[in-house]
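Protein sequence lines correspond, in order, to chains A and B. So the first sequence is numbered by my numbering: it starts at 1 and just counts up by one. So the second sequence is numbered by my numbering: it starts at 557 and just counts up by one.
Don't read these hints as lab results, they were simulated from the structure. Cβ coordinates follow ideal geometry from the N, Cα and C atoms, glycine included. Incorrect hints may have been included.
Examples of chain A residues lying across from chain B (beta carbon under 7 Å, computed) [said to hold, decoys possible]:
(1) E6
(2) R61
(3) G358
(4) A453
The following residues of chain B were derived to be distant from chain A, with all beta-carbon distances above 12 Å [to be verified]:
(5) R562
(6) L582
(7) E588
(8) R608
(9) R673
(10) H785
(11) N788
(12) F790
(13) A818
(14) V821
(15) L849
(16) E853
(17) V856
(18) E885
(19) G898
(20) Q908
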Amino acid sequence: MERYRELRRLVHDPFLLFLVTLVFALLTLFIVYPLVRVLTTSLFYRGEFNPKYFLQFFQRRYLIKPFLNSLTVGGLVSLLGTLIGFVFAYAVTRTDIPGKSLFKVIATFPIISPPFLIALAAILLLGNHGLITEFLRTRFGIDWDIYGLPGLVLTETLAYFPLAFMTLEGVLSGIDPALEESALDLGASRLRTFFRVTLPLATPGIASALLLVFIRSLEDFGNPIVIQGHYPVLTTQAYLAVTGMYNLPLAATLSVILLVPTLLAFVLQRYWVSRRSYVTVTGRPTPSSLKATTSGLKWGLFAVLCVLSGIILLFYGLVFYGSLTRMWGLDNTLTLENYRYVFSTGLDYLLDTLKIAGMATPIGGILAVVIAYLVTRKRFPGRGLMDFLSMLNFAIPGTIVGIGYILAFHRPPLQLTGTAAIIALVFIFRRMPVGIREAVAMLQQVDPAIEEAAVDLGAGFSRAFRRIVLPLISPAFISGMVYIFVRCVTAISAVVFVVSAQWQLITVALLHEVDNADLSQAAAYGVVIIVVVLSVILLLDNVLGKMILRRWQRVH
Amino acid sequence: MSIEVRLEGLTKVFHSHRESVVAVDLLDLQVERGELVTLLGPSGCGKTTTLRLVGGFEIPTAGEVYLGGKRVTHLPPQRRDTATVFQSYGLFPHMTVFENVAFGLKVRHLPRDEVRRRVREALKLVNLEGLERRYPRELSGGQQQRVALCRALVIEPRVLLFDEPLSNLDAKLRVETREQIRRLQKELGITSLYVTHDQAEAMAISDRIAVMSEGRLQQIGPPYEIYAHPANRFVADFIGRANFLRAVVVGAMDEKLAVELAGGVRLEVPFVEGLEPGTEAVAVVRPEAVDILPEGEGDVTAIVVFGHYTGSLATYKLSLPSGETLEVEVLSPQEKGFLSEGTRVGVRFHRQSIHLLKE
Ligand SMILES: Nc1ncnc2c1ncn2[C@@H]1O[C@H](COP(=O)(O)OP(=O)(O)OP(=O)(O)O)[C@@H](O)[C@H]1O
Ligand SMILES: [Mg+2]
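From just these sequences and the hints, can you work out the full model?
Structure (structure tokens):
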């Protein structure tokens, strides 16, 4: 009855009805349908049910090997990344070391830059012609390089520990230091306090960080493609199946195999771990009086942070330095030639990237706030489903999305392969969940009575949304767009499948140069990417964001 | 008189994770043109939900809402001729006072001049002239409240809905503002549905009060009626203070019933339908409807067990021979002297003020 009434009411709110229908159509077409295509392709062969690669899973090395490799890398990266993340978070929240904000900034580098830049740096240092590799070879005659498991673990750990850091920083700063202090007051030793109070309280957060980093590592494509050597993982193997063997059923099967552990970890993280968190116990961040650490520990932590931050800075510095050399490892004379190349031959890539980002950013941003608004504030049949579907791609590795898109859109009526649209669509539907989450969080801060008043006074959905909701959540709207833009310029795992001769991306150009072993040229692309990303973040987030934020703060 | 709001069998069930809450339960209610009806009841009894069902913010599980004789159950808020003054005001934080008030008029595509004129008139009505260019957060709570009222008034809705509009104001301002709301409402003749949990506010402002409990309508009537002739124990207890004394009906005459209270006191009290001689009943005795006299006078002798003095009023708890406790309020206690605990006094009941309830 109530359902029926919700439906009837939609009819009297035509614009809302239109939007709900449109959003469902888009979600079905661009999220559900590609996934379904991946599944059916992995299960059917020439129209008949024949999950042949699943059946051969344990016999075929090219199936089981990448699976085990992915899990090994994921497990190691997850452990190491979370450990480092915890050290960072503990140092920042529980001690008064100097330079905290600098450490935080450095830790965000890997998040906003293309993650595979770290792999590039690692090769500049430890690859075939790496500085250290050459040094070892010439001085000691040791022939060693980083490709394979060590490289994967090193680069992915550096790339994804910031995620653990940010998760755990939130968790640790939510634990009232008074709890630790009272344990100390009661006579517990510092060690005991740490293990009996701090750690147990942080456990759900730690589990969460472990799972999140695990997922990221499994999904990672950029680092493995650069540094995996003879250690294939699922994402790169699936890529190879598509580009090298044109074997789509195999690629689809590999993606489904990749999906299983990722989804499992996602579900665990989302529905089990995050439920068990004690963090909201206090709710307010108390100024910690930081008695729980000795000064020895404090400076020890400081040293560790310095070293790690130093490595990150060194890596990025190396990319910059590398971009200025003629041919890394062979001819290290300084030159601007690589940049000239980026802005002549490579200009197309850059412009294509910006054009596609220019399409995806506003559309994705708007779609995200609209969906956030619909699912938090509107009543209509299927609301829960919309919420679920819109967040689905958050849990799904880019490789699957990419393969899904080529499977779904390579022939009429929806032939999109080869267009800019397909690349933009991948970005929009893959990156939208972050925008949605930000907008939802912000909407939850806005008194519902405000929009209700607008509707009550006669404003239809469209007007209430444009005049009331959008201005009020504009910071989330903007940061959602910034995020999509940044990912358009830095991401690779999904779009690598849908780029074409007509439409290329700068990240893909970078990978080509790595492939060609022209590391200096690759580094120049990397530097340009970072500059673009940084300028957009600074521009949008600071100038525009602050402007809007100021107006917003003024009125609150 | 024409009926502006009619609720028929209105029911709202909320389903949360495990349980279902019946927030509004088969509610029937009518509000006449120009009338102010209050929904009064304890926290969680479904007042706000009822109001939101009328405004269109919630979709009823069952039942219908009519506005001005037209069924509107299926219409969203923007298609209903109502305007709400929200408990939290819901002012648009990014708009000035002027823009806030003008919003509803602009939505209606009125000419710019008319918008300006009507906003100005409306602001004058609530004494907010001169604050047009301020933002909501630059206003005091009372001013914000008036902007909210003004924004609702200016579109001249068929029905005004108030959800505890005064709950964020301090006690003194609350009284002033409620008088202002009532004055405006009467002047403009706006049909209003007003939610509050404050019975004094309801008594002061309403043409009629609808008392609710657990989603159900307990009684509806003018304040006097509700106080003097509560329909049941809940209403009697919720509106004002009340003593409930056990009684048996012993005789019926026209206009009167004879009852015997538990201690053997016989009284003739106003007639109530449906109470035959021989039935058990409860006598609702308001604390102010009792006189305290010297021992030996009045209907019965009682002992003071507790006394409480607040200046204008003394409140006593008396123990009756039946073992029941009687709460009594004495006005101007200075004139009569404060009674200490243990004192034996005579008690006289005001027959006219006693209301019988079926047990
Ligand atoms: N959106 C909702 N979801 C679930 N339950 C709700 C919702 N809104 C109200 N309820 C429940 O319905 C019942 C009635 O709520 P309502 O807000 O109408 O009470 P009220 O009479 O206005 O109370 P108060 O005086 O505290 O404002 C309560 O038990 C409440 O918990
Ligand atoms: Mg309420």
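A quick look at each hint next to the structure:
1. E6: holds, 6 Å
2. R61: violated, 48 Å
3. G358: violated, 28 Å
4. A453: Since the shortest Cβ distance to chain B is 4 Å, the answer is holds.
5. R562: Correct as stated: the minimum Cβ-Cβ distance to chain A is 18 Å, above 12 Å.
6. L582: holds, 14 Å
7. E588: Holds, because the least Cβ-Cβ distance between B:E588 and chain A comes to about 22 Å, which exceeds 12 Å.
8. R608: Violated, because the least Cβ-Cβ distance between B:R608 and chain A comes to about 8 Å, which does not exceed 12 Å.
9. R673: holds, 18 Å
10. H785: holds, 36 Å
11. N788: Since the minimum Cβ distance to chain A is about 30 Å, B:N788 lies beyond 12 Å and the statement holds.
12. F790: Answer for B:F790: holds, closest chain A Cβ roughly 29 Å.
13. A818: holds, 49 Å
14. V821: Non-interface label on B:V821 holds, nearest chain A Cβ at 53 Å vs cutoff 12 Å.
15. L849: Holds, because the least Cβ-Cβ distance between B:L849 and chain A comes to about 54 Å, which exceeds 12 Å.
16. E853: holds, 58 Å
17. V856: B:V856 is indeed farther than 12 Å from all Cβ atoms of chain A, at 54 Å.
18. E885: holds, 40 Å
19. G898: Answer for B:G898: holds, closest chain A Cβ roughly 51 Å.
20. Q908: Holds, because the least Cβ-Cβ distance between B:Q908 and chain A comes to about 46 Å, which exceeds 12 Å.
Hints 2, 3, 8 from the list above are not met by this structure, while the remaining hints are.
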